[in-house]
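Participant: Use the sequences and the hints to build the structure in full.
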Amino acid sequence: MVPTGTEETVCRLVREYSDMLLRLACTRLSSVSDAEDAVQEVFLRLLAAPVSFRDAGHERAWLIRATLHRASDIRRQAEKRNLPLEEAAWQEAPEPEPDLLQAVQALPEKYGAVIHLHYYEGYSIKEIGTLLGLSAATVGTRLARGRERLRKMLKEEIR
Amino acid sequence: MNWNDYRKAVDAIPFSADFQERTEELVHRTAQIAEIEKECDTMKKRGFYRVLAIAAAVAMFTVSAYAASRWLSPAQVAELHGDPALSQAFERENAVRIGQTVQTDDLAVTLAGLVSGENLSGWTSQADQARTYAVMILESLDGTPLDMEDFPITDYTFTPLVAGFTPWSVNNWTLDAGVSLLEQDGVIYCLLDTQSVEMFADHTVYLAFYQGRVPSRDTFTMAEDGTIAFAERFEGPHALFTLPLDESKADPAAVERFMEDSGFEREWFTTVGADDGITYTTRETDTPDGKHIEIVPDEGQNAKP
Numbered sequence: 017m018v019p020t021g022t023e024e025t026v027c028r029l030v031r032e033y034s035d036m037l038l039r040l041a042c043t044r045l046s047s048v049s050d051a052e053d054a055v056q057e058v059f060l061r062l063l064a065a066p067v068s069f070r071d072a073g074h075e076r077a078w079l080i081r082a083t084l085h086r087a088s089d090i091r092r093q094a095e096k097r098n099l100p101l102e103e104a105a106w107q108e109a110p111e112p113e114p115d116l117l118q119a120v121q122a123l124p125e126k127y128g129a130v131i132h133l134h135y136y137e138g139y140s141i142k143e144i145g146t147l148l149g150l151s152a153a154t155v156g157t158r159l160a161r162g163r164e165r166l167r168k169m170l171k172e173e174i175r
Numbered sequence: 131m132n133w134n135d136y137r138k139a140v141d142a143i144p145f146s147a148d149f150q151e152r153t154e155e156l157v158h159r160t161a162q163i164a165e166i167e168k169e170c171d172t173m174k175k176r177g178f179y180r181v182l183a184i185a186a187a188v189a190m191f192t193v194s195a196y197a198a199s200r201w202l203s204p205a206q207v208a209e210l211h212g213d214p215a216l217s218q219a220f221e222r223e224n225a226v227r228i229g230q231t232v233q234t235d236d237l238a239v240t241l242a243g244l245v246s247g248e249n250l251s252g253w254t255s256q257a258d259q260a261r262t263y264a265v266m267i268l269e270s271l272d273g274t275p276l277d278m279e280d281f282p283i284t285d286y287t288f289t290p291l292v293a294g295f296t297p298w299s300v301n302n303w304t305l306d307a308g309v310s311l312l313e314q315d316g317v318i319y320c321l322l323d324t325q326s327v328e329m330f331a332d333h334t335v336y337l338a339f340y341q342g343r344v345p346s347r348d349t350f351t352m353a354e355d356g357t358i359a360f361a362e363r364f365e366g367p368h369a370l371f372t373l374p375l376d377e378s379k380a381d382p383a384a385v386e387r388f389m390e391d392s393g394f395e396r397e398w399f400t401t402v403g404a405d406d407g408i409t410y411t412t413r414e415t416d417t418p419d420g421k422h423i424e425i426v427p428d429e430g431q432n433a434k435p
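Chains A and B supply the protein sequences, listed in that same order.
Using our numbering, read the first sequence as starting at 17 and increasing by one per residue.
Using our numbering, read the second sequence as starting at 131 and increasing by one per residue.
Hints in this document: simulated from the structure, not taken from any laboratory.
Backbone N, C-alpha and C fix where the C-beta goes; we use that ideal spot for every residue, glycine too.
Check before you lean on any hint, since a few could be wrong.
Here are some chain B residues the structure puts well away from chain A; computed CB gaps all over 12 Å [as the list claims (entries may be wrong)]:
#  : residue
1  : R137
2  : K138
3  : P144
4  : R159
5  : G212
6  : S270
7  : L271
8  : G294
9  : T304
10 : H333
11 : D348
12 : A383
13 : D391
Have a look at the derived ranges for each label pair, beta carbon to beta carbon [said to hold, decoys possible]:
#  : chain 1 : residue 1 : chain 2 : residue 2 : range
14 : A       : D71       : B       : P275      : 48 to 56 Å
15 : B       : K138      : A       : E173      : 48 to 56 Å
16 : A       : E173      : B       : E390      : 26 to 34 Å
17 : B       : D235      : A       : E173      : 57 to 65 Å
18 : A       : A94       : B       : E151      : 20 to 28 Å
19 : A       : S47       : B       : A215      : 16 to 24 Å
20 : B       : Q259      : A       : D35       : 37 to 45 Å
21 : B       : G229      : A       : A64       : 42 to 50 Å
22 : A       : D35       : B       : Q230      : 27 to 35 Å
23 : B       : D355      : A       : G73       : 33 to 41 Å
Under 7 Å between C-beta atoms, here's a sample of chain A residues computed to sit facing chain B [to be verified]:
#  : residue
24 : S46
25 : R61
26 : Y136
27 : G138
28 : Y139
29 : R161
Facilitator: Here is the structure:
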């Protein structure tokens, strides 16, 4: 068991996981400062409410899920205040067409997260299943559907 | 366009160069504030126990009242987890206070309360998904304080189960659940956060606690009428609570979507089947149409026809 809740442990997690979690948060948030806020809040949560991690894998999975949840919450709050950044908005917008990162950000969370973890972080389908608490079959389906949505949004195949 | 373009775009995101430094400083300051607050809480609590001692002397309270005052309430547990929104949710009318205790081996396991709904938590709410939160309390029966550093909490599982659905198909893992832990005064408080179980409210919904990991035939049985129970041969601390859900909240369409999204056959959810003793592995193969996934028996084993 890896205890959290101490300043020393949380600072280690900050050094070890910040870069990966910031990139992941950016699959949900187009604002860099919002992404940084989301990741900081996840680290601070560990200080306020320690979680007992079984091992490094459990630690990584918890951080990834908490970051996605927090980033989605921030995004939803922003969407209530502003125009939606959903896929439909891209489909209706005449010009310009989004680049690939913007298109991934416009995907629903369940597709964007698996696309990013697979194509940027290099995790296998099975590993993503473990990280997100999903079956490998579900991850495979989400990857395929996410790619298909990107193809429609960008009007071209991504190789 | 290719995935290298995506990787380059992500690498070009202009994150603050001093993000780690600023965050570590923030952690440091927050830890200092928490330390001060903890000292204040300790002082308040000492006063509280003195009040209890006086009450005990005149025998003016019941055992259940004692238990209620001895433990943190579900709202307090959520507050200490840094989730004031959830804390408020546990105080609302639709939250259920249970306070049911099972003694098992040398542990007392108490289901304190639960609440279900959308947007209840400031941490894990998702716009399109309702969640259920439950607080369970673990204590040592002989009065020995439980310490998260020593108590092997990760050897234990808290999981929802649903009558009529096999324990290996509807559980902590498939419901995207997690448990956050908090230890105070020798008591361990477990805050379970799971996809809402209210959609199953027209079935009996359980909350199980047991020593072990993923639910299996060695742990649970499911009778023909769908009732779930611990297997007779199961050893180790265990408890099974029935959740008092409002049947009108059942959502069979959501249950259908849950099964469909899982990618598994319907039979896997509803039929126990014969125990073939076979273990399985997932294999992934790249094809022109994407990944092909097979779940196959481990090497040297053959599935029965």
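Participant: Next step is simple, just say for each hint if it's right about the structure.
Facilitator: How the hints compare with the structure:
With a minimum CB-CB distance of about 6 Å to chain A, B/R137 fails to clear the 12 Å threshold, and the non-interface call is violated. For B/K138, the shortest C-beta to C-beta distance to chain A comes to about 9 Å, within the 12 Å cut-off, and the non-interface label is violated. Separation of B/P144 from chain A is inadequate, the least Cβ-Cβ distance of about 6 Å not exceeding the 12 Å criterion. A beta-carbon of chain A comes within 12 Å of the beta-carbon of B/R159; the shortest separation is about 10 Å.
A beta-carbon of chain A comes within 12 Å of the beta-carbon of B/G212; the shortest separation is about 4 Å. With a minimum CB-CB distance of about 17 Å to chain A, B/S270 clears the 12 Å threshold, and the non-interface call stands. Listed as a non-interface residue, B/L271 keeps its Cβ farther than 12 Å from every Cβ of chain A; the least gap is roughly 22 Å. With a minimum CB-CB distance of about 20 Å to chain A, B/G294 clears the 12 Å threshold, and the non-interface call stands.
Under the 12 Å C-beta cut-off, the non-interface status given to B/T304 relative to chain A is violated; the minimum distance is some 8 Å. Listed as outside the interface, B/H333 is consistent with that label: its C-beta sits roughly 22 Å from the nearest C-beta of chain A, beyond the 12 Å cut-off. For B/D348, the shortest C-beta to C-beta distance to chain A comes to about 20 Å, beyond the 12 Å cut-off, and the non-interface label holds. Every C-beta of chain A lies more than 12 Å from that of B/A383, the closest at about 18 Å, which supports listing it as non-interface.
Residue-level check failed: B/D391 sits 6 Å from the nearest beta carbon of chain A, not beyond 12 Å. In this structure, A/D71 and B/P275 break the distance hint of 48 to 56 Å, their C-beta atoms being roughly 26 Å apart. Range check, B/K138 to A/E173: about 18 Å between beta-carbon atoms, so the 48 to 56 Å window is missed. Look at A/E173 against B/E390: about 27 Å separates their beta carbons, and that is inside 26 to 34 Å.
A beta carbon spacing of about 58 Å between B/D235 and A/E173 agrees with the range 57 to 65 Å that was offered as a hint. Separation of A/A94 from B/E151 is about 26 Å and conforms to the stated range, judged on CB atoms against 20 to 28 Å. Separation of A/S47 from B/A215 is about 22 Å and conforms to the stated range, judged on CB atoms against 16 to 24 Å. Judged by the Cβ atoms, the range 37 to 45 Å given for B/Q259 and A/D35 is violated: they are separated by roughly 28 Å.
As the Cβ distance of B/G229 to A/A64 is approximately 26 Å, the hint placing it in 42 to 50 Å is violated. A hinted range of 27 to 35 Å is violated for the C-beta pair A/D35 and B/Q230, which are about 46 Å apart. Distance hint check: the CB atoms of B/D355 and A/G73 are about 39 Å apart, consistent with the given range 33 to 41 Å. At its closest, the beta carbon of A/S46 sits 10 Å from a beta carbon of chain B; the interface hint therefore is violated under the 7 Å criterion.
This hint holds: A/R61 has a C-beta 5 Å from the nearest C-beta of chain B, less than the 7 Å allowed. Annotation: interface hint on A/Y136 holds; nearest CB of chain B at approximately 6 Å, less than 7 Å. Taking 7 Å as the C-beta contact cut-off toward chain B, the hint placing A/G138 at the interface is violated, the least distance being around 10 Å. Annotation: interface hint on A/Y139 violated; nearest CB of chain B at approximately 12 Å, more than 7 Å.
About 10 Å separates the beta-carbon of A/R161 from the nearest beta-carbon of chain B, more than 7 Å, and the hint is not met.
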